[in-house]
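K.L.:
Protein chains in written order, with my numbering: chain A, 4 to 409; chain B, 4 to 409.
No lab work stands behind these hints: they were computed from the structure. Errors might be hidden in some of the hints.
Copies of the same chain look alike in the list, so a pair counts if it fits in one copy or across any two.
Unchecked claim - Below 35 Å or equal to it, Euclidean Cα-Cα: the simulated DSBU-like pairs (lysine-lysine) are:
| no. | residue 1 | residue 2 |
| --- | --- | --- |
| 1 | 68 | 332 |
| 2 | 314 | 199 |
| 3 | 405 | 315 |
| 4 | 289 | 212 |
| 5 | 26 | 289 |
Number of protein chains: 2
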Amino acid sequence: MFHVNENYLKLPGSYLFSTIGRKVREFQEANPDKTVIRLGIGDVTQPLAPAIIQALHDAVDEMGKAETFHGYAPDLGYEFLRNAIVEGDYRARGVEVYADEIFVSDGAKIDSSNIQEIFAPESRIAVCDPVYPVYVDSNVMAGRTGDYDAETGTWSNVIYMPCTKENNFVPQLPEETPDLIYICSPNNPIGSAMTKDQLQVWVDYANEKGAVILFDAAYEAYISEDNVPHTIYECEGARTCAIELKSFSKNAGFTGVRLGYTVVPKDLKDGDVMLNSLWARRHGTKYNGAPYIVQKAGAAVYTPEGKEQLKKQVAYYMENARVIKEGLKEAGYEVFGGVNAPYIWLKVPEGMTSWQFFDYLLETANVVGTPGSGFGPSGEGYFRLTAFGTHENTAAAMERIKALKK
Amino acid sequence: MFHVNENYLKLPGSYLFSTIGRKVREFQEANPDKTVIRLGIGDVTQPLAPAIIQALHDAVDEMGKAETFHGYAPDLGYEFLRNAIVEGDYRARGVEVYADEIFVSDGAKIDSSNIQEIFAPESRIAVCDPVYPVYVDSNVMAGRTGDYDAETGTWSNVIYMPCTKENNFVPQLPEETPDLIYICSPNNPIGSAMTKDQLQVWVDYANEKGAVILFDAAYEAYISEDNVPHTIYECEGARTCAIELKSFSKNAGFTGVRLGYTVVPKDLKDGDVMLNSLWARRHGTKYNGAPYIVQKAGAAVYTPEGKEQLKKQVAYYMENARVIKEGLKEAGYEVFGGVNAPYIWLKVPEGMTSWQFFDYLLETANVVGTPGSGFGPSGEGYFRLTAFGTHENTAAAMERIKALKK
């Protein structure tokens, strides 16, 4: 008689964004005359850049002709894309990463949930708190996290590193030693970013303890300050302790196109076993490559026209970040993030929980955000707004929030 | 100190198709004047059908305009595609499957390797022998298969069901009771297909024993005989014991486009836990949807023009199957398959192993196929040719093989 993977049953029932969706739907049904502005989910709104659209059309035409048709892609991704990535994201910054260390995939969410598979089942993980839910949930499914405490919202076998106003949102080295450390910088949901010196502390720590850093750099394109590293490999020693996860979702608007990549340096080893070989084996066995047309679209991101157009797209969203930050300050809120990341993290008014503030904002300003507690216990008392809306909606949302205070 | 997942280290080193690739490369380098014809890998060669190309261009245009841009897709896939699948692949055959039982993905290889995750770690698996390597390898990675015996090419904790000429290539019910049974029909690599009566035996057995059948129907479009079921849900009782895996790779030439789907009926339960909910949870946590443009291409497969064009594409490949089958018979070989599947399975001449025949065919006819032993011990003494080449190459390959005998 077959049985299910019981680890799945440990996952708490309702998913953050489904609960938000339901609350918004109920509000909208009860108030059909109100226009709700959604600054909750981190999904992009701007159309794909012209250079990318052109690359897609060209690739589609190739697929329609026998001479230029493409079947199964190479396991690691097409060389034209892996070379463009190495050149554009690493060599251009003087960072040592090679094409056979790049694994092209259909997105960073997928990679960040699958990467735990190549590690021992008994690996101890450490995560920031608050945190993007996928890191922990994928480890729950693999049976690594112990038991869930509904009261504290934590798992018994996970090391949590609180990131709050009190420690300037920078995680502190944990007392217990983890095997795997998830770090996202620029950070989702907080919108802050580690400086190179701050990240170097973690690289040194990981090398000293024999831990691996799983570095999520999905928001790298939003970095505006000079002392924030664009890749963990800017830090000395990162090639022996860090895997980097990258996405095309936010720098090129690919949330619905699906493309990402993971860097596994050949210097990263357990004894004489290269993690690069293990990840290659997983790719070969459990994946079948990103679509040819999507990989061609990815390569267009690195062309001069692509770069120019995407710089403007990122600037468009960062203008929203500025508007939100200024607007909230004017309305009397304490705000964080939004300088090196498309997320604004605000302190909810004294005496309110994150969810109470969610309801308040939805009911009075008809603006949707994300309660900080949805990202972990240390997110309680905070609230996330995203810069991925349109200029018009973002400005209107801020006018409404400012009007509440008057 | 971190450690790797040791199950990965149990996998035997060299992968079948890499070994073939190396041998062909070496031969070609030593014989630069010879033209090698590749009928080894099951990759398609015909361009995408015009209806699909048009759908792709249209969808790309939508992604270039703010009003029609699409970000994150719904977890299960767009409704337009799930409805088209239900209508075209199930209701049209009078089979009961619902849209919320369809999970759109980026391919059947991915789904067939991931599906084991929602089952208990101690699940016992049964596979046909020979078999598509992904079923077993994904379970090796999950630690379910025991130890590998290099001499027999088998895993200690896997139930093997030999499919040979002696049993007409139909697996027999195993003596030990499995929890999960992988069945592929029409079959890769053998090219045979189960009749509805033969499959019904397995459905009854699974329901009786409380096992789940993981039914790989990737080659369904190639069925030509009336008594071969197009979906396992044509069998009575399959909704309580079977998950079906489907691919767009072979019916629509999507090997480089990437699209597939999995059906998990809501009637399939462990106690009161629906497997449908577990797979939904996995999709939501570890996947982020197939690209919008690819899902639009998938929907075009079900339009009248799409259907018409793809019927011709399938007929093109099946004409190759006929040519291969007739050619091999003329050359004196005993051949199987090729009637309901794009694979031809032949008995290698007495006294030769599968790999010896591979070398013989490469060196004398300069034709590449796949040694049967690469798919499992019971594949020894057999050889696979695929019908996915061009008419020209297929005919030329047969002329060369026939000439050998003269």
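K.L.:
Hint by hint, say whether it matches the structure.
P.N.:
So, going through the hints one by one against the coordinates:
{"no.": "1", "hint": "68 <-> 332", "verdict": "between (57 Å within a copy, 33 Å between copies)"}
{"no.": "2", "hint": "314 <-> 199", "verdict": "within (23 Å within a copy, 58 Å between copies)"}
{"no.": "3", "hint": "405 <-> 315", "verdict": "within (28 Å within a copy, 63 Å between copies)"}
{"no.": "4", "hint": "289 <-> 212", "verdict": "both (31 Å within a copy, 29 Å between copies)"}
{"no.": "5", "hint": "26 <-> 289", "verdict": "between (37 Å within a copy, 25 Å between copies)"}
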